[in-house]
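There are 2 protein chains.
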Amino acid sequence: MTLDNISCQKSAGGWHKRYRHRSEVLGCDMVFAVYLPPQAEQGGKLPVLYWLSGLTCTDENFMQKAGAHKLAAELGLIIVAPDTSPRGADVPGDPDGAWDFGLGAGFYLNATQQPWAQHYRMHDYVVDELPALVEAHFPASDRRAISGHSMGGHGALVCALRNPGRYSSVSAFSPISNPMDCPWGQKAFSRFLGEERSRWREWDASVLLSEAKAPLALLVDQGDRDDFLENQLKPEALVQAAKAAGHDLELRMQPGYDHSYYFIASFIDDHLRYHAKALV
Amino acid sequence: MTLDNISCQKSAGGWHKRYRHRSEVLGCDMVFAVYLPPQAEQGGKLPVLYWLSGLTCTDENFMQKAGAHKLAAELGLIIVAPDTSPRGADVPGDPDGAWDFGLGAGFYLNATQQPWAQHYRMHDYVVDELPALVEAHFPASDRRAISGHSMGGHGALVCALRNPGRYSSVSAFSPISNPMDCPWGQKAFSRFLGEERSRWREWDASVLLSEAKAPLALLVDQGDRDDFLENQLKPEALVQAAKAAGHDLELRMQPGYDHSYYFIASFIDDHLRYHAKALV
Numbered sequence: 001m002t003l004d005n006i007s008c009q010k011s012a013g014g015w016h017k018r019y020r021h022r023s024e025v026l027g028c029d030m031v032f033a034v035y036l037p038p039q040a041e042q043g044g045k046l047p048v049l050y051w052l053s054g055l056t057c058t059d060e061n062f063m064q065k066a067g068a069h070k071l072a073a074e075l076g077l078i079i080v081a082p083d084t085s086p087r088g089a090d091v092p093g094d095p096d097g098a099w100d101f102g103l104g105a106g107f108y109l110n111a112t113q114q115p116w117a118q119h120y121r122m123h124d125y126v127v128d129e130l131p132a133l134v135e136a137h138f139p140a141s142d143r144r145a146i147s148g149h150s151m152g153g154h155g156a157l158v159c160a161l162r163n164p165g166r167y168s169s170v171s172a173f174s175p176i177s178n179p180m181d182c183p184w185g186q187k188a189f190s191r192f193l194g195e196e197r198s199r200w201r202e203w204d205a206s207v208l209l210s211e212a213k214a215p216l217a218l219l220v221d222q223g224d225r226d227d228f229l230e231n232q233l234k235p236e237a238l239v240q241a242a243k244a245a246g247h248d249l250e251l252r253m254q255p256g257y258d259h260s261y262y263f264i265a266s267f268i269d270d271h272l273r274y275h276a277k278a279l280v
Numbered sequence: 001m002t003l004d005n006i007s008c009q010k011s012a013g014g015w016h017k018r019y020r021h022r023s024e025v026l027g028c029d030m031v032f033a034v035y036l037p038p039q040a041e042q043g044g045k046l047p048v049l050y051w052l053s054g055l056t057c058t059d060e061n062f063m064q065k066a067g068a069h070k071l072a073a074e075l076g077l078i079i080v081a082p083d084t085s086p087r088g089a090d091v092p093g094d095p096d097g098a099w100d101f102g103l104g105a106g107f108y109l110n111a112t113q114q115p116w117a118q119h120y121r122m123h124d125y126v127v128d129e130l131p132a133l134v135e136a137h138f139p140a141s142d143r144r145a146i147s148g149h150s151m152g153g154h155g156a157l158v159c160a161l162r163n164p165g166r167y168s169s170v171s172a173f174s175p176i177s178n179p180m181d182c183p184w185g186q187k188a189f190s191r192f193l194g195e196e197r198s199r200w201r202e203w204d205a206s207v208l209l210s211e212a213k214a215p216l217a218l219l220v221d222q223g224d225r226d227d228f229l230e231n232q233l234k235p236e237a238l239v240q241a242a243k244a245a246g247h248d249l250e251l252r253m254q255p256g257y258d259h260s261y262y263f264i265a266s267f268i269d270d271h272l273r274y275h276a277k278a279l280v
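Protein chains in written order, with the working numbering: chain A, 1 to 280; chain B, 1 to 280.
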């Protein structure tokens, strides 16, 4: 598989690079971004944090707005940011042109329903195809962590919960914690997975956490002035699931913060240190 | 004068707020952003760094991409980011719709030629009207620093050089150092100021520096892989002027860096500390 480099910018002593490649899993061309800390030029292999962004985002939002490069450079952490859905002229989007489903809103699952099933396989892309590419083309080890925001927080939790042992650590900002029970999740799941709700359970972080056998540690940050907190994000479902199944969830309600990247930038360093501790 | 708050987001323990107000100087409504560190709620007055952005920017670019809030919160520094030109339906832009003149490209000067002279008075807005507003409505002292990027680096240098004593310190990233001698500057100056080149000298940082009597310290960062370095930015003119007139210019050529906000984010902390040292 080949990667086409489309940009290359020095940042905090390392390099922010963007690549385009053909995704076999998604059946389309994809763009992702990678931050390579200065240690990437020293010969060894470095651990990788995969960052999953939220609704409407691309690979660019986190790299431009999170302010994560400085500490990643200090910690020797590679960061990889994929796009949030398959893309391209033949990839169907929301039938009504809405922003909360389809293009920019792939929900990091494998769709089973038409017309989505052909391209919308973001889970397999994020968990398998992209790491294989990253580990083949960059000085990246197989030590992986995963995190994300909102839809991407849901994605990070679900990827970690469905694939025990694949990630050394998982965290999330403002995740859609119980998509079966919120409008964003119900819209996406009913289309991608069909109306049979029992099929939704394997893509819902709170359900998966309540059933997970291996003990799991989770760090979740949530702003208490987040406009989506009550109707869409519902972290209390995650808290109940963790409690019932005996998992170690640290949910930090951050007073005054909203759903924006200003919130992420305020606490990303805590998450980077959390992952670095598990990865090295 | 009244300020209308249009957004308010917690960031790094402080607040990022945006305001709309009527500018008497510019004859239009303007939006600016302010970062208030946590110390702003403690009763005293804090020093202010004015940040001037480059071509095509608004108040948002620096706040979203520079990663400056964390250290500003630590240092107790207010940051104010104005827009880069007058705005509105009756404000003329580039006749050909180009991005390097007019709307988003006011060059921080006072225009003398029609049809620009009515609205394009960004120097007076940045140096006088905006600080008066800021100092009246926020816990801001009259201790001021100024910095900026590209067109805004030119603006920061020129504002400081034309107003000795008004700023405790000045710095710039990738400034248009000698606008009389580059295409961006010549296009803007010939329209805003007319074809008589002798009138341009009072808005050219290198000319002003060569003639400045009071000793001035300047910190300038410049990436050596900046696509605009050779034809537009020309920092060597600034170096020569500083040398000839005996000013203390520290020009740091940063290897590998380009003209983007990744460059600014990589070194903004050095500038914040530089200004904080002069301000407190």
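Derived from the structure by calculation, the hints contain no laboratory data. A portion of the hints provided could be inaccurate.
One copy or two, it doesn't matter: identical chains are merged, so the pair holds either way.
[As the list claims (entries may be wrong)] Derived DSSO-like pairs: lysine-lysine, alpha-carbon spacing no greater than 27 Å straight-line:
#1 K187 x K277
#2 K187 x K234
#3 K45 x K187
#4 K213 x K187
#5 K213 x K70
#6 K234 x K213
#7 K187 x K17
#8 K213 x K45
#9 K277 x K17
#10 K45 x K243
#11 K213 x K17
#12 K70 x K243
#13 K187 x K70
#14 K17 x K243
#15 K45 x K234
Q. In ascending order, which of the hints set out earlier in this document are inconsistent with the structure?
A. Violated hints: 1, 3, 4, 5, 7, 8, 10, 11, 12, 13, 14, 15; rest satisfied.
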